[in-house]
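Chemist: Chains A and B supply the protein sequences, listed in that same order. In terms of the working numbering, the numbers along the first sequence are unbroken and rise by one, the last being 339. In terms of the working numbering, the numbers along the second sequence are unbroken and rise by one, the last being 89.
Bear in mind the hints are in silico, worked out from the structure with no lab data behind them. There could be a bad hint or two in this list.
[Stated by the list, open to error] Here are the simulated EDC-like pairs of lysine to aspartate or glutamate, each with C-alpha atoms no more than 16 Å apart in a straight line:
1) A:58 / B:42
2) A:45 / B:42
3) B:58 / B:75
4) A:58 / B:75
5) A:45 / B:6
6) B:58 / B:25
7) A:58 / A:90
8) A:45 / B:75
9) A:45 / A:84
10) A:199 / A:331
11) A:191 / A:84
12) A:199 / A:189
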Amino acid sequence: MTPRSRSAIVVALAIAVATAPAVWSQQLAPPDGPLTQPQIEAALKVLTPRRVAGLIQKFGSTFILDVEGERRFRTAVTAAGKIDPALLEDIVRLLAPPRTQSPGMEWIAPTDRRRMVWIPAGAFQMGSAERESGRDADETRHATAIANGFWMESAEVTNLAFQKFVLANPEWQKERIDRSLHDGNYLIDWKGNQFPIGKEDAPVVNVSWYAARAYAAWAGKRLATEAEWEYACRAGSQSAYWWGESFAAAPAGATSMLSPVRNPWGLSAMLGGVWEWTASLYRRYPFVPDDGRNDPRAQGDRVSRGASGSSGPGMLRSANRNAVAPTTCSDLLGFRCVL
Amino acid sequence: LSTYEEAVRLGSPEALKRVEAVRQERTAQVRLRVNAVDRLQDSGDYEQALRLLDEALKLEPKSAEVARLRQRVLDAQSFERGLRAGSKQ
């Protein structure tokens, strides 16, 4: 990669990932209608709180409130006038994930209206046991801590969700995307901004790591680190698969596309469906989260996980890793986001 | 009503009762409409809300509460029109 194309990537990511929500907030509303924070705060001065909640549910929002954002939002709304505390809570619940969580708790993100489940903090053995059938040499087992719980999408990002993203962000449409951000196969199965007929709920595929990351940022989320991904996939298990040591013992349809089968923490198609991008560079274990492997600006292959429904038992193991160039677009590779 | 008021002016207890009954009924009808407006605002049906408030104003033309509520509904309607017009830009 030339220094010029490298700088083009940095510039494109800086524009698309970091500033998109800020640009929208200056307009009255973004093209597809989700509400900005100033709009919601203004609406609460004029409309009934129930109406505002209804509008958020119908049109979504361009943002998710973090802890500090939630505090400021509450202050701004209550300072603007009297509001029934119960109705304020209803609105906050739409815009911010619950601050008191329990494993398996669900929440719908207002930005892309996708279901997320709570993954509690904890520690686990990352990698595979030496005797595990089908294991690779890059899976050396080691203790890994997940310091903070996080929200993870219960399923892979769909064509329909990704379509909303490209309609709201023209620079990520297949005719306009910067050539340095994909390998030439970006959304190759789409016609313009239209996904294949009847596939709105299928996982979006043929998306590069850059595109996956840009989607996540647009939705106010991020990609999981490799450790977070494996921890969530295992859902407390130490076996080769989240359901046990034997691939044959998989629940019926567990690895198929659009599988309704969920692991014990409420996640579907973690093993199977399509491969999923993670935030992490492919590096040797142990997994050290702050050694630069999660740096989005770093060059190198990124890890994909989870294999696809057409993969064999060896690929479908919880510990299996795959190194993929970030520009790669494959019909077996998609992603899901965390928060 | 004016006939009854005339009757009251002339001192008829029966007419006084009838006037009071009409007044109570009128207030109840206004209250019914005002309460319905709250729900209509929640669902964004401002046209129907304004229709009901216009009916209420016919029943009680001097009601400051109804006039205030009508202005609030107009403001809400105008706000939402601006919001949606913006989203189509």
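Chemist: Take the hints in turn and mark each one as holding or not.
Modeler: For each hint, the structure was consulted:
no. : hint          : result
1   : A:58 / B:42   : holds (13 Å)
2   : A:45 / B:42   : holds (14 Å)
3   : B:58 / B:75   : violated (21 Å)
4   : A:58 / B:75   : violated (21 Å)
5   : A:45 / B:6    : violated (46 Å)
6   : B:58 / B:25   : holds (14 Å)
7   : A:58 / A:90   : holds (14 Å)
8   : A:45 / B:75   : holds (10 Å)
9   : A:45 / A:84   : holds (13 Å)
10  : A:199 / A:331 : holds (13 Å)
11  : A:191 / A:84  : violated (48 Å)
12  : A:199 / A:189 : holds (11 Å)
Going down the numbered hints, you'll see the structure goes against 3, 4, 5 and 11, while the others check out.
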